[in-house]
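Peer 1: Please build the complete structure, drawing on both the sequences and the hints.
If you read the sequences in order, they're chains G and B. Note that the first sequence ends on residue 389 in the UniProt record's numbering; no numbers are left out. Note that the second sequence ends on residue 389 in the UniProt record's numbering; no numbers are left out.
Hints in this document: simulated from the structure, not taken from any laboratory. We treat Cβ as the ideally placed atom computed from N, Cα and C, and that holds for glycine. Keep in mind that the hints are not guaranteed to be accurate.
What the hints assert, rightly or not - Simulated restraints on C-beta separations:
| # | chain 1 | residue 1 | chain 2 | residue 2 | range |
| --- | --- | --- | --- | --- | --- |
| 1 | G | 149 | B | 184 | 50 to 58 Å |
| 2 | G | 324 | B | 105 | 35 to 43 Å |
| 3 | B | 39 | G | 214 | 31 to 39 Å |
| 4 | B | 76 | G | 385 | 51 to 59 Å |
| 5 | B | 151 | G | 214 | 45 to 53 Å |
| 6 | B | 280 | G | 213 | 52 to 60 Å |
| 7 | G | 73 | B | 49 | 35 to 43 Å |
Claimed, not checked - Footprint (simulated), chain B over chain G, 3 or more residues, beta carbon under 8 Å:
| # | segment |
| --- | --- |
| 8 | 2 to 10 |
| 9 | 40 to 53 |
| 10 | 102 to 113 |
| 11 | 229 to 236 |
| 12 | 239 to 252 |
| 13 | 259 to 269 |
Said to hold, decoys possible - Derived contacts from chain G toward chain B, CB cut-off under 8 Å, selection only:
| # | residue |
| --- | --- |
| 14 | 16 |
| 15 | 88 |
| 16 | 89 |
| 17 | 99 |
| 18 | 124 |
| 19 | 143 |
| 20 | 149 |
| 21 | 255 |
2 protein chains.
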Amino acid sequence: MAFSERVTRLKSSLIREILAAAQRPEVMSFAGGLPAEAMLPAIEWAGMPACMGQYGPSEGEPALRELLAAEARAQGIACQASQVLVLSGSQQALDLAAKLYIDTGTEVVLEGPTYLAALQTFQLFGAQCLSVPVTRDGPDLAALRRQFEQHAPAFAYLIPTFQNPSGVRYSEAVRGQVAALLDEFGVTLIEDEPYRELTYDGVMAAPIAGRLRQASWIYTGTVSKTLLPGLRVGYLIASPDLFPHLLRLKQAADLHTNRLGQWQAMQWLGTQQYREHLARLRDFYRERRDAMQQALLQHFTDLADWHVPQGGLFFWLTLKQPIDTRTLLAAAMAQDVAFMPGEPFFADPAANPGCLRLNFSHVAPHRLHEGLSRLAQVIRQAQAAQAAA
Amino acid sequence: MAFSERVTRLKSSLIREILAAAQRPEVMSFAGGLPAEAMLPAIEWAGMPACMGQYGPSEGEPALRELLAAEARAQGIACQASQVLVLSGSQQALDLAAKLYIDTGTEVVLEGPTYLAALQTFQLFGAQCLSVPVTRDGPDLAALRRQFEQHAPAFAYLIPTFQNPSGVRYSEAVRGQVAALLDEFGVTLIEDEPYRELTYDGVMAAPIAGRLRQASWIYTGTVSKTLLPGLRVGYLIASPDLFPHLLRLKQAADLHTNRLGQWQAMQWLGTQQYREHLARLRDFYRERRDAMQQALLQHFTDLADWHVPQGGLFFWLTLKQPIDTRTLLAAAMAQDVAFMPGEPFFADPAANPGCLRLNFSHVAPHRLHEGLSRLAQVIRQAQAAQAAA
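Peer 2: In structure tokens, the structure reads:
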């Protein structure tokens with residue numbers, strides 16, 4: 001049996017295991033990032049042309065590419081439909097970017113913490129992951145400059161809006177400074193924005209990609225958080241120097257994205273119906289976030305520090321008394337509570353103990369206090385045991 | 001700009017360019033492998049549960065996995081649903097297999113000729129592609145043994161049933177002997193069967209995967225040739241030692257396959273409606289194949305040799321007077337005729353001049369003679385010019 005070298009870096013996915021365990025209906029799960037079932041819109045199929053059953057272009061449906069380009073231009077990204085590549089979910093952007101850039105040992109810059117599946121994909125391809133701490137306004141700019149000065153990273157992978165897992169939204173000033181640094185050092189930007197539309201306090205900020213003057217860039221998004229994840233329709237928009245390579249890599253990966261999902265996405269994007277759906281979605285999630293904040297204040301004030309996220313789906317808690325939160329999982333699951341340990345969101349988990357990611361959209365409101373109370377109890381007991389040891 | 005080393009191996013796809021040029025309605029295209037539009041079945045959506053809009057399991061829908069496993073068992077492959085991985089089209093099986101096995105320089109065995117996109121995907125990942133000539137009954141067994149004796153290939157990628165592009169169907173005897181060789185040398189089999197159900201003369205043969213006693217295997221198929229390619233639903237079935245790795249690679253690639261297409265596939269597989277659809281499909285394609293054979297006899301008897309394919313979508317012609325058929329493309333396109341040159345289907349194109357792949361399902365019957373007549377004329381002129389030079 002001779003597998004490739006990369007298979008030795010193929011980790012069992014902690015998320016997979018936790019989510020599988022959290023499937024039991026009695027489990028109160030703060031672990032996943034699933035949209036609320038109640039808010040999945042009903043879809044209509046009337047009018048879909050029969051040709052959507054045929055093979056389609058690798059680039060994606062022309063009309064969908066136009067809609068996505070128009071949406072990006074409205075966000076300040078100067079682009080044409082010819083730069084839009086429709087993907088089988090935005091996870092595929094990570095796979096294509098890894099193929100485009102990463103050989104064994106290739107250096108890349110990520111936020112610490114960052115999106116777990118991005119970290120795993122880049123590491124699978126052999127990347128050397130360099131971290132920049134995330135502060136309340138965005139990445140630590142001095143640390144970012146230092147990484148650019150001391151290394152030659154192939155790209156910087158950033159999630160500037162309602163970052164997963166930290167919930168951080170880069171300020172306007174920081175966005176401009178990050179863009180300037182990328183331009184200064186000629187580092188390609190990969191900007192991942194799945195949560196942009198899930199904004200609850202009226203705050204918005206234009207993408208970093210639109211602020212670049214020289215650096216190459218890939219901007220990626222999805223309809224999974226606003227419409228239906230089951231469609232598996234995401235997209236990337238790339239600077240013209242990168243697009244032809246990404247297109248060929250997409251074709252080699254799966255020929256093209258399924259056309260049923262693309263057609264559905266086309267029925268929504270840019271419509272009044274979509275705007276109304278987004279407004280309802282924001283109201284729903286805002287209410288859940290606020291309820292979570294109240295419950296956290298009651299059960300976690302003495303245990304952890306956190307900021308109220310202005311968007312996205314997660315609270316990010318930092319324990320006042322650090323403990324490897326992976327060690328809490330078994331006890332929490334025994335209490336029918338699931339959560340996501342924070343350590344795996346860092347390139348160096350052992351050096352970053354004591355954070356938890358808690359989703360606020362899934363647990364039913366009437367079980368919220370019970371769930372958080374049990375989780376707090378698990379933490380208290382573990383910390384007491386640690387102190388006694 | 002520092003791309004990965006693999007990007008230097010990212011070829012512009014000749015197929016892409018030919019197919020794009022063949023889009024013009026006046027072009028008579030023998031180039032692609034698209035199902036006939038007239039035979040795409042109408043699909044119904046009534047009864048699809050709302051949860052199909054939510055994230056789904058990376059493995060695929062449980063009920064679909066059961067159906068696919070049952071179908072494979074009926075073909076002699078002893079397997080369980082737990083070994084089935086639903087894919088975003090069977091092209092994805094090539095991507096996942098490449099990730100699982102191929103480092104730069106990894107040796108793999110393929111048929112010569114073989115599926116162009118497989119060759120490109122394996123080469124993209126850095127494979128050293130070793131070829132075994134395809135004879136009328138399957139691969140040259142002595143050559144296959146020699147490759148296994150002289151090299152240590154990570155796998156053998158084979159298309160035993162209505163091979164693309166050659167149309168060859170391995171005989172029963174050859175299937176058994178290939179299985180025995182794979183077992184003897186412990187070489188993993190990747191068996192690709194997109195065309196199995198497109199059989200026109202009543203011939204069938206059980207997969208090689210079901211004949212193995214020791215070697216690991218991946219068997220891959222799709223609903224693209226029998227239902228709707230736009231669904232982007234394919235699958236692989238793997239021996240239990242390989243499955244967990246392939247599952248994790250699938251998750252890293254795109255989380256899971258779109259659920260709309262999976263649900264559609266579930267409505268058809270194993271039903272009487274599907275069997276009736278397949279029967280109509282075979283009648284339709286058989287008629288087109290027979291018409292093509294008649295037209296070829298008229299226009300190509302003096303130019304080329306070929307066998308009538310018993311299934312699939314292609315004739316494979318070998319010119320009596322070899323010429324690099326890539327050089328014929330421009331002249332053919334100027335005559336509004338598209339075809340697929342044979343050279344790119346070989347790991348060593350320059351050493352294998354003079355073959356053409358002609359699809360028989362796409363060109364309308366009333367234009368068939370005109371298209372083949374023009375193509376024959378282009379070949380005659382090129383050969384005359386070559387002889388005069």
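Peer 1: Now tell me, hint by hint, if it's right for this structure.
Peer 2: Structure-based check of each hint:
1. Under the hint 50 to 58 Å, the C-beta atoms of residue 149 of chain G and residue 184 of chain B, about 57 Å apart, fit the expected range.
2. At about 40 Å, the beta-carbon gap between residue 324 of chain G and residue 105 of chain B stays in the expected band of 35 to 43 Å.
3. Between residue 39 of chain B and residue 214 of chain G the Cβ separation comes to about 51 Å, which falls outside the hinted range of 31 to 39 Å.
4. Checked against the hint of 51 to 59 Å, the C-beta distance between residue 76 of chain B and residue 385 of chain G comes to roughly 56 Å, which is consistent with it.
5. For residue 151 of chain B and residue 214 of chain G, the Cβ-Cβ distance of about 47 Å falls inside the hinted range of 45 to 53 Å, so the restraint holds.
6. For the hinted restraint 52 to 60 Å between residue 280 of chain B and residue 213 of chain G, the CB-CB distance of approximately 59 Å keeps it satisfied.
7. With their beta carbons about 37 Å apart, residue 73 of chain G and residue 49 of chain B fall inside the hinted range of 35 to 43 Å.
8. With 7 residues having a beta carbon nearer than 8 Å to a beta carbon of chain B, the segment 2 to 10 of chain G meets the requirement of three or more and the stated coverage holds.
9. Residues of the segment 40 to 53 of chain G with a Cβ under 8 Å from some Cβ of chain B number 9, which satisfies the need for three, so the listed coverage holds.
10. Check on the segment 102 to 113 of chain G: 3 of its residues sit with their Cβ under 8 Å from a Cβ of chain B, so the three-residue criterion for coverage holds.
11. Check on the segment 229 to 236 of chain G: 5 of its residues sit with their Cβ under 8 Å from a Cβ of chain B, so the three-residue criterion for coverage holds.
12. Closer than 8 Å: that is the beta-carbon criterion, and the segment 239 to 252 of chain G has 6 residues meeting it against chain B, so the requirement of 3 holds.
13. A count of 4 residues in the segment 259 to 269 of chain G with a Cβ less than 8 Å from any Cβ of chain B is obtained; the coverage claim is therefore met, three being the minimum.
14. Taking 8 Å as the C-beta cut-off, the interface hint given for residue 16 of chain G holds, the closest approach to chain B being about 7 Å.
15. For the restraint placing residue 88 of chain G at the interface with chain B, the shortest Cβ-Cβ distance is roughly 4 Å, inside the 8 Å limit, so the hint holds.
16. The interface hint given for residue 89 of chain G is met, as the beta carbon of that residue sits about 5 Å from the closest beta carbon of chain B, less than 8 Å.
17. At about 7 Å, the closest approach between the beta carbon of residue 99 of chain G and any beta carbon in chain B falls short of 8 Å, and the interface hint on this residue holds.
18. Of the supplied interface hints, the one on residue 124 of chain G holds, with its beta-carbon coming within about 6 Å of a beta-carbon of chain B, less than 8 Å.
19. A hinted interface residue such as residue 143 of chain G counts as satisfied when its beta carbon comes closer than 8 Å to some beta carbon of chain B; here the least separation is about 22 Å, so the hint is violated.
20. Checking residue 149 of chain G against chain B: minimum C-beta separation of about 17 Å lies over 8 Å; hint violated.
21. Taking 8 Å as the C-beta contact cut-off toward chain B, the hint placing residue 255 of chain G at the interface holds, the least distance being around 5 Å.
Hint compliance for this structure: hints 3, 19, 20 are not met, and every other hint is.
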